[in-house]
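Undergrad: In case you want the letters, here they are:
There are 4 protein chains.
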Amino acid sequence: MAGNSIGNLFKITTFGESHREAIGGIIDGCPAGLKLDLAFIQEELAKRKPGQSKIVTQRKEDDLIEILSGVFEGVTTGTSIGFVIKNTNQKSQDYSHIKDKYRPSHADYTYQSKYGTRDYRGGGRSSARETACRVVGGAIAKQVLLHYGIYVNAYVAQVGDIKVTKHYSALDLSTTYTNSVRCPDKTVADLMYNRIDEIRKEGDTIGGVVSCIITGAPTGLGEPVFDRLEADLAKAMLSINASKGFEIGSGFDGVAQKGSEHNDEFFCHPEHVEGPTKRIYTKTNNSGGVQGGISNGEDIYFNVAFKPVATIMQKQQTVNEQLQEVDITGRGRHDPCVLPRATVIVESMAALVMVDHLLKNRTTQL
Amino acid sequence: MAGNSIGNLFKITTFGESHREAIGGIIDGCPAGLKLDLAFIQEELAKRKPGQSKIVTQRKEDDLIEILSGVFEGVTTGTSIGFVIKNTNQKSQDYSHIKDKYRPSHADYTYQSKYGTRDYRGGGRSSARETACRVVGGAIAKQVLLHYGIYVNAYVAQVGDIKVTKHYSALDLSTTYTNSVRCPDKTVADLMYNRIDEIRKEGDTIGGVVSCIITGAPTGLGEPVFDRLEADLAKAMLSINASKGFEIGSGFDGVAQKGSEHNDEFFCHPEHVEGPTKRIYTKTNNSGGVQGGISNGEDIYFNVAFKPVATIMQKQQTVNEQLQEVDITGRGRHDPCVLPRATVIVESMAALVMVDHLLKNRTTQL
Amino acid sequence: MAGNSIGNLFKITTFGESHREAIGGIIDGCPAGLKLDLAFIQEELAKRKPGQSKIVTQRKEDDLIEILSGVFEGVTTGTSIGFVIKNTNQKSQDYSHIKDKYRPSHADYTYQSKYGTRDYRGGGRSSARETACRVVGGAIAKQVLLHYGIYVNAYVAQVGDIKVTKHYSALDLSTTYTNSVRCPDKTVADLMYNRIDEIRKEGDTIGGVVSCIITGAPTGLGEPVFDRLEADLAKAMLSINASKGFEIGSGFDGVAQKGSEHNDEFFCHPEHVEGPTKRIYTKTNNSGGVQGGISNGEDIYFNVAFKPVATIMQKQQTVNEQLQEVDITGRGRHDPCVLPRATVIVESMAALVMVDHLLKNRTTQL
Amino acid sequence: MAGNSIGNLFKITTFGESHREAIGGIIDGCPAGLKLDLAFIQEELAKRKPGQSKIVTQRKEDDLIEILSGVFEGVTTGTSIGFVIKNTNQKSQDYSHIKDKYRPSHADYTYQSKYGTRDYRGGGRSSARETACRVVGGAIAKQVLLHYGIYVNAYVAQVGDIKVTKHYSALDLSTTYTNSVRCPDKTVADLMYNRIDEIRKEGDTIGGVVSCIITGAPTGLGEPVFDRLEADLAKAMLSINASKGFEIGSGFDGVAQKGSEHNDEFFCHPEHVEGPTKRIYTKTNNSGGVQGGISNGEDIYFNVAFKPVATIMQKQQTVNEQLQEVDITGRGRHDPCVLPRATVIVESMAALVMVDHLLKNRTTQL
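These protein sequence lines are chains R, L, Y and G, in that order.
In terms of the working numbering, the first sequence has 26 at position 26, counting the first letter as 1, and numbering is strictly consecutive.
In terms of the working numbering, the second sequence has 57 at position 57, counting the first letter as 1, and numbering is strictly consecutive.
In terms of the working numbering, the third sequence has 353 at position 353, counting the first letter as 1, and numbering is strictly consecutive.
In terms of the working numbering, the fourth sequence has 165 at position 165, counting the first letter as 1, and numbering is strictly consecutive.
Only chain R is shown next, with the shape it has when bound in the complex:
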């Protein structure tokens, strides 16, 4: 209710500001019996970590995960999993210049207005640092999904106006994390890299789009009416800092199509007309793997739009707490483009939603 939890049966609740000792969270509802791979969680955190290349913020955070409960002899016990990540790089002095100024397109003013107070250091609770906790939750959710043969893969599909034009099926998604942009089309990745670096030198920032593909999901995930799978995915994605849009399947482009073009006709696969793998298939997948809010067994794919990072190294006009008009210039270590670090966050949020619906779907039939 107060915004720090997501999920029903598989639920994560988080806490933490960027300039305190630690951030952390609790995962409640993780099924018992999962052999938890801690190294994998750490690897996932590394994908989000600052300081990995020239085109992301140069802050250094170790982001070491400490699991405090819910795991015994390496296996989940079904009880709540508490974890903390220490903040090792809190340079509070970096923020003295914005103590009483509202940074444009940041949450300073809205937090102050809502709560009557705020931790101004590094954005406090509104800092993107909280997404590290999402990655921990997502890394555990991914391990549950792995058990059921479900995979979540995101990549940077657009930076500024540079786009990946190939269909995702023509890309080798296993190469996404081999470059610092997190784009599996090497040629486009290079263009993106240069664009971001250029923007960085200007002291400016740029936006982009992350695409995400979920493969191996069974039919039946998603609830009718309000808790549709795509509705929960949309909420999860729009809950990420700087995201401004979500589209699934044909999305905004599909609106110009006719029904006769857009409809996904069904067909049978002779090897899957009976037995445990029985299902039907669609010739096209404009639906993006969901029909009536429920997964149909095809790939689930969607895009998430991210605006340019709000902190820029240029002078801007703003207002201070005394309601005086003042200038402000960004300082410190910031990302010129959030996209490279956002892919793993998109994957994490998607994985959290998928596990929640996977568990819900167990309660559907007598």
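Hints listed in this document are in silico derivations from the structure and should not be mistaken for laboratory results.
Quantities reported herein were computed from a predicted structural model and do not represent experimental measurements.
A portion of the hints provided could be inaccurate.
The list cannot tell twin chains apart, which means a pair is met if one copy fits it or any two copies do.
As the list claims (entries may be wrong) - Simulated crosslink set (DSS-like; lysine-lysine; CA at most 27 Å straight-line): (1) Lys186 x Lys166; (2) Lys60 x Lys201; (3) Lys283 x Lys186; (4) Lys283 x Lys54; (5) Lys86 x Lys186; (6) Lys258 x Lys315; (7) Lys35 x Lys86; (8) Lys258 x Lys163; (9) Lys258 x Lys86; (10) Lys166 x Lys258; (11) Lys60 x Lys283; (12) Lys54 x Lys258; (13) Lys99 x Lys283; (14) Lys186 x Lys278; (15) Lys35 x Lys99; (16) Lys201 x Lys315.
Starting from the known structure of chain R, fit chains L, Y and G onto it as the hints suggest.
TA: Frame of chain R, contents of chains L, Y and G only:
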């Protein structure tokens, strides 16, 4: 959890299939003391009602609302408001031809797969008829918002590739419902009307985009991290039948911008630097009225993408319950374009989200 | 949140006042595939119905259930089940004398104070009439439980100071509903009947205790820490009108015992040490079937205390809305003792809790 | 849903086992602007801490609270409050003898049965150590209540068959924590102390009753139908380890009364018939401060029954994981009676419920 409720403090739960006696719902958490305007609810339902013009389905439903509780002497009592809407036009025979066939891009297969059974008549629970209950909830929510000077206005911004190009501030939104397309730009409305009518004659369907503007919202609505205002709006919009995308503020177009272009600089208005109307303003509004997940007092505006209606009057290939490949051709009375009837549904879902957050925000400070 | 829903995965939301057209509710999360026995629901409602004997209120309500959705060809579809029960016996004139007076130990004053308004007719939302909806939910829940061999049986264990002294295992619980008191000990039932009738003639009322036994529950129901099975049962029972206490297993009497007396030692049953019926047993059952908040396979049993009905046919002192001290005397048709009609309500609430936990427990292991 | 959270608007989620590095939790929804008194939280924890006297367990835990977020410059910011308490006294070797044995009336068997695994050390998640996190949440909730002049006071009212016979109004509740039994009737406290010490020497344990009184609560707290104030209190109390019963107001004793005796007649206080303190009063308070599920401004009082502690220093029969019947004898450091340490836990749970309802009640009227 099972999908038939939305909202926390102001919550609607619905029930009903298109081919039973009635549909209905319960609104829980409506504040006491609201003088409920029943005629307004009925007018809102009329905006969604089928059979209003040549370009929508010719089904006839009276859609008469019966409020069964929660109102005493015309005023809400704070207890749950139960309501029903009788189904007066159930032509079950229309659906015998699809009894055991999975209609492409409909929910037939996913419901059957999830539940092991389904009411095939008119799509059962997946029928867009359930949206009438959302309109009832929305019409009550709008009356709460009206009390606080908050207004929600949606309009059809695109049909196929025909778009409204004017900024919403250049449109007279009070004229939206004066034409059957629900587009406040009369010239564009005419083009849209002709396009839909053309598509209808082809036995085909077409998609489009609804834009929605919320004015008068105070600062402070929305919760940090997961329950951001835009996240809850995104969920609400993606929960509507046939919707495939959501974008707020600059949305997908904003990703190509630089931070220096996109950032909304703050300024003061000399008449609002102290007293009860004290607030600050932004020069631009690429944020779409939310920053850090919380409303900043500017207009909240967003777009929703709708795919073309799945039922077409043309022959398509599909599969039946026996997993045989068969042909199917749409029959009955269907919409060639969902957009004209979708505007009030978008407004309703937006209003429900806004009231929920309005109430939540009362609990924020000591 | 606003109080008209209970349950998470199997959830009921209700509406309705005693002096409007109808009451009703929505059950969300009922598993698909249940062949629903409508006659059984009607029979359950009959157990709660007024006017069945001299010792309960002489109001006449038909309490005919109408299921409006969620069932197709007699089988649940997994979607929300809406239902209404018409109010056929609204004598609003009976209540004019209490229009502006706060009846002692009723909810008149607290509702007025909380909401600033209230439907004074028959207690409005606070009327025990709402419990009919609980019985509908319970009757559906019982059918789910029946599928898994779980049975819920309640009976009147005490009226005033007349108590059933036999252990429940010495009673034939199938005879509970054969007498109007709903007590399976015929001798005690007669004493109770006479006591209630005596009280009725005095224009007074009397309280009592309902005992409830759940048999056939598997191990594993209940969640650790806050959502213990007994915690959810306690909440469900204290949510019933006029209930003032709950105790499980040894309850309040057990506090005087030593651990060495109270502990339930385990043993094995040679026929259940392996295979699907493998489990262990306890020699005694002071725990009441739950340990650490989770069912252990033994009978679950608990007691619920009900205070005497607040409406009495005697003169009492009170205060009116103008805050003047005034006299009040009960009129109309009221129960001298709520116990005979409460047994089926206790069973219903217990059944709702059990199904909710049965479904939750499906999500516990990988 | 998975049991580790309680509350809606003011919600606590906890984690932790007794034999890991730390336990902790997250409080979400604490209003911003509360000057948080950390020393008070530590004092509250001290009331629950083991090792304080001869009649409680001799384990030594420092129970130092570390607040990791949600507080800035000593004041709550409205964002989630994360906290941890290190476990400094984990003697895992103490539990090797019970590694594969199910301790009678403990949660060993039910956890193993539910989850297929368990952390057997110190009871794992079922350990009463988790109640330290409840005390932290309660200590913060009490500070919110203090701001509104609401006080929660519990005391030991019964140990074995030794009872406090005085009405709570005849006791000085400020003296409760001046003795190790936590009973404000000094004479009875001495009797209780001796009884517990006697039991301790026998290697046995004993149960008892905690009474709790909430003063200063305004009218209007509690929601109708299912979320009655007493229902939420009952759930909160039955969620505490070893609790077996709850009664409010007249409770189980009240069932033998007549309505004419039990009803709480209203009267006016001449100083409170208008203005901000306007309210009406009851001559008696058999209702226990709630009518129709909503507080009426009178004292709220209730009792909670606790069974004798399950761990005894005597030989008992049980079963091991291999389903063989074996003997077991308690070892280590355990409480002969849970009551002295339970009072602050009862207070904490009551405070959590009260704040949650206090916030909910802000959303009731337009």
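Undergrad: Within, between, both or neither: how does the pair Lys283, Lys186 come out at a Cα-Cα threshold of 27 Å?
TA: Intra 29 Å, inter 39 Å, cutoff 27 Å: neither.
Undergrad: Using 27 Å as the alpha-carbon threshold, which applies to Lys86 and Lys186: within, between, both, or neither?
TA: Neither: 35 Å inside a chain and 48 Å across chains, both beyond 27 Å.
Undergrad: Between copies, within a copy, both or neither: which fits Lys258 and Lys315 at Cα up to 27 Å?
TA: Only across copies: Lys258 and Lys315 sit 14 Å apart there, 48 Å inside one copy, limit 27 Å.
Undergrad: At 27 Å max between alpha carbons, let me know whether Lys35 reaches Lys99 within a copy, between copies, both or neither.
TA: between (45 Å within a copy, 20 Å between copies)
Undergrad: Go through the copies and call it for Lys54 and Lys258: within, between, both or neither, with a Cα cutoff of 27 Å.
TA: between (45 Å within a copy, 18 Å between copies)
Undergrad: Have a look at Lys186 and Lys278 and pick one of within, between, both or neither, based on CA distance no larger than 27 Å.
TA: Neither: 38 Å inside a chain and 51 Å across chains, both beyond 27 Å.
Undergrad: Check Lys201 against Lys315 for me: Cα-Cα at most 27 Å, and say if that holds within a copy, between copies, both or neither.
TA: within (15 Å within a copy, 57 Å between copies)
Undergrad: Quick one: Lys258 to Lys86, C-alpha cut-off 27 Å, is that within a copy, between copies, both, or neither?
TA: neither (53 Å within a copy, 33 Å between copies)
Undergrad: As a check of your reading, is Lys283 near Lys54 (CA-CA no more than 27 Å) within one copy, between copies, both or neither?
TA: Neither: 43 Å inside a chain and 33 Å across chains, both beyond 27 Å.
Undergrad: Quick one: Lys186 to Lys166, C-alpha cut-off 27 Å, is that within a copy, between copies, both, or neither?
TA: within (12 Å within a copy, 39 Å between copies)
Undergrad: Pop the pair Lys35 and Lys86 into one bin, within, between, both or neither, using alpha-carbon distances up to 27 Å.
TA: Intra 24 Å, inter 25 Å, cutoff 27 Å: intra and inter.
Undergrad: Using 27 Å as the alpha carbon limit, work out where Lys60 and Lys283 are close: within a copy, between copies, both or neither.
TA: neither (48 Å within a copy, 35 Å between copies)
Checked against the numbered hints given earlier, the structure breaks hints 3, 4, 5, 9, 11, 14 and satisfies all the rest.
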